[in-house]
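*Asks:* Kindly generate the complete structure, drawing on both the sequences and the hints.
The residues making up each chain are set out below.
There are 2 protein chains.
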Amino acid sequence: MQAKLRPEPPSGTLGLENLHAAAQTEPPRVTRRGRAFRQAQAPVVVSPRKRKIPAYALLGEAALSAIEDQADWILQNTGVEFLGDKTALELFAAAGATVRQDRVKFEPGLARRLCATAPARFQLHGRDPANTVTLGGRNVVLMPGYGSPFVSDLQTGRRYATLKDFHNFVKLTFMSPWLHHSGGTVCEPTDVPVNKRHLDMVLAHLTLSSKPFMGGVTSPARAQDSIDLARLVFGARFMEKNAVMQGNINVNSPLVFDDTMSGALRVYAAANQCVCVSPSIFAGAMGPLSPAAVAAQTLAEGMVGIALAQLVRPGCPVVFGSFHSTMNLKSGALTFGSCESNLVTMALSQLGRRLGVPVRSGGGQITAATAPDGQAMQDSTGAMWATLLSGAHQVWHAAGWLEGGLVMSYEKFIMDLDHCGAMMTMLQGFGTESEDFGRDAYQEAGPGQNFLSTRHTLRHFATANYQPDIPEAGPFETWVENGGQTSERRATGCWKQMLADYQPPPMDGTVRANLTEFIKDRKASMPDEWY
Amino acid sequence: MQAKLRPEPPSGTLGLENLHAAAQTEPPRVTRRGRAFRQAQAPVVVSPRKRKIPAYALLGEAALSAIEDQADWILQNTGVEFLGDKTALELFAAAGATVRQDRVKFEPGLARRLCATAPARFQLHGRDPANTVTLGGRNVVLMPGYGSPFVSDLQTGRRYATLKDFHNFVKLTFMSPWLHHSGGTVCEPTDVPVNKRHLDMVLAHLTLSSKPFMGGVTSPARAQDSIDLARLVFGARFMEKNAVMQGNINVNSPLVFDDTMSGALRVYAAANQCVCVSPSIFAGAMGPLSPAAVAAQTLAEGMVGIALAQLVRPGCPVVFGSFHSTMNLKSGALTFGSCESNLVTMALSQLGRRLGVPVRSGGGQITAATAPDGQAMQDSTGAMWATLLSGAHQVWHAAGWLEGGLVMSYEKFIMDLDHCGAMMTMLQGFGTESEDFGRDAYQEAGPGQNFLSTRHTLRHFATANYQPDIPEAGPFETWVENGGQTSERRATGCWKQMLADYQPPPMDGTVRANLTEFIKDRKASMPDEWY
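Sequence lines, in order, name chains W and Z. No gaps in the numbering here: position 300 of the first sequence is 300 in the working numbering, and each next residue is one more. No gaps in the numbering here: position 208 of the second sequence is 208 in the working numbering, and each next residue is one more.
Among these hints, one or two may not hold up.
In this list, chains with the same sequence are indistinguishable; a pair is considered to hold if it fits within one copy or across any two.
What the hints assert, rightly or not - In silico DSBU-like cross-links for lysine-lysine, where the CA-CA straight-line distance does not exceed 30 Å: (1) 330 - 496; (2) 330 - 50; (3) 52 - 330.
No wet-lab data here; the hints were simulated from the structure. Predicted model only: the values in this text are computed from it and were never measured.
*Replies:* This is how it looks when you write it as structure tokens:
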């Protein structure tokens, strides 16, 4: 790996020796490739964050309207339950919904109208302003995986995740130019008591990274702790007007919000921090099995969660999220990256844009594969295309996710990063200006001639192509001589090198002491809970 | 494998036992899945062949026009060389092009006008009419890899391809519902003399399969042999008006047609068989390195080849092909499935549609990886999305391609087929009719309840989801117990089972004897050549 991080000598094939010799008079350039970013002096340089190519429109107006009508039908006829959350029920009743016991029903159009105060676009501030991202518009925000109880790497195998693993993935995410956001529960630190994990996780995001992050959501009190910690860094006044963090509110699909989640939602909304509402539907189990039905139910559940956030605090930043997939209806196995769920992913990007809020895609680099093998990357790559081509704004699970989310894989993390870079580069499209056509090259090299030594090639070869970080296999014979390492094995050196190179972003000593003291007090205030 | 080809018993998870018990009263259905197709009585059932979802438009009018203008600029200022093909030069001169020595130049717009007689859409007839495909419009035709001198499988490793391997891949292609076309040189039968290979290859396509195919192109005489063999099966009169085969004419990019290729082109065009013109550009070597330049040069070279076919026989069926990729401009290694080449792939689908002819994509499931690993499938999957979402009509290299085309891999062939099925299923989109929303299911299962046993699920579970052929890994513990086989290892059983199950399509005994005699005579007429 070490050698691969430095410029490589000319290989002598295809006339490249001439190209490199001629290029020695050219000034060095900063390229947009991952490797080059890591060579740059500043430790944090973030890749392009906007798409320049158009979003793919899977569905036409008639299909979109039909799905929106079905979402309204669900909310009018079946409704949504808020279990044990009287405050939420009162807010909905006051807003014109029909509330009976825990069930809330909405006249057609009401839920959508209640979402209207949500901003179409807003910033999520990083501790380093250079890492502030925008959600909405043409912006794209990629994040690591979320929620895995296990981790794996090819040297030590699959094991329960620990706080050390959590730290490692926060560091790797911080170092990657292709991830714009530190994520949330990048893996479960299972060696920390359940009721205290959120404190260590938020501390890690705040100290080991300077990118935006997600806080705890597993109870309203943990949500409040997360916000209080962030206020020690960003200041309560700043956070009153600016979002620096997100809470991911999973719906207990079908059509249920339990008070843990709706309570956490209200805490984030009241604090003007970003609420991402993520209906969680396995087609056929938590809803009907057809893509149209999953899209409609996701929209229905998402609108209700967003409406609650807006009722708590009109104008607070929200994201229309989703987590949906399919299952093998014969074996019962959950499947990820399937063609049916990719269709739903593409439809939801459109539906979310029509709702007028940023979209967190249910796609990302997801798979049910047990190893970072061909299936893993086939599933992940397809799901990522569906996600990014359809115009999603935010992507959970863009790196590391394996085994249906049970595992964060160190090697797959690196393999996924390479593809994040490729996709972000692709989203930049290409130019069609005069220089992009290289007319002078045709005046130098005619039919049958080699363009490698043309001046046009020399002007652009250093920055022309995205280059992944995982070393090339090389010709077959070289590959065999080097041990016949498949791509996941070649990835091992990358994450080790990144962790070895990691440098934490600077933090004021007083701020750090305040964080430490807050956590010490909170931990001391309650006994450990392990479930 | 054997067991996996039969319906599986209920697994007992997630309430599936109820679903299966309840479903026993339902009649069996034929599904659209690969596995089910193979269970069906008829050996050849072909998957959907049309897209129902829209094609993605990467570029707007201004960018497309700029690229088309650049193609015209190349043809006006640099021109194209036809080496040693006086007939071609005379045809172009008579059509108004400027010819000096071997170089042909075109006034802006002339090449495009000469392409105007090409049909936008035509049929390519299979020996079995059920396997006839249409090129153009919303049709999609997938084919196996082309041209590999090596094959590999996980049991015997990487080795030179033989005629037996060629037969195997023709059989596997014939059996797959997801490949619509038998391909051409699916691998090089290196144990047959170079000057006689085309005879054995065409014989295999004509006898072991009943899907359309490609004939020899490595000399005009071999092209003529291929056509003569097909005439013994389809009849000369039928072929005078109908295409049953294609010749793939690779341009010697940059901007050169040698007389081998232009000669073969003229043979296919004169016989009214389909000519696919495939410029072959590695960005930076056979043309400038920028995507816009590669797209423009591909268009320029493609138009010239198509124009020649139309001058030989106006109205003859043609395809605008391409073979383009990128290289690591530091190491010189060729790269496939890169983000830059995916952009070119998407642009060329648009440019070809504007030219008004079917498009053979330069994408497909391509990779430079040396093994059917994560990199292989990441590259291949991304390239396939670019290819199919952008609306290409015909896809070479949809299965098996490895190591930059040096190798046809038996396992990757199966892995790619699974993805072909997923993509073809995805191209069908989804419905938004009443039944697709499952309203009755919400009346059975309310908030918090399981939809697995609803009548809507029972009506649709057997046909709801595409199911790949490679066995699922299963839960981690089961996977470990089963030997921890990564997906390529699980694919081995699939291709072996398919070859064991292969049944040749019927053929009239006289026809077969005529083919055999023709080949015997042709082989006897020339000494073996091994280079």
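*Asks:* It remains to establish, for every hint, whether it holds in the given structure.
*Replies:* Evaluated hints:
{"no.": "1", "hint": "330 - 496", "verdict": "between (41 Å within a copy, 24 Å between copies)"}
{"no.": "2", "hint": "330 - 50", "verdict": "between (41 Å within a copy, 28 Å between copies)"}
{"no.": "3", "hint": "52 - 330", "verdict": "between (42 Å within a copy, 27 Å between copies)"}
Comparing the model with each earlier hint shows no violations; every hint is respected.
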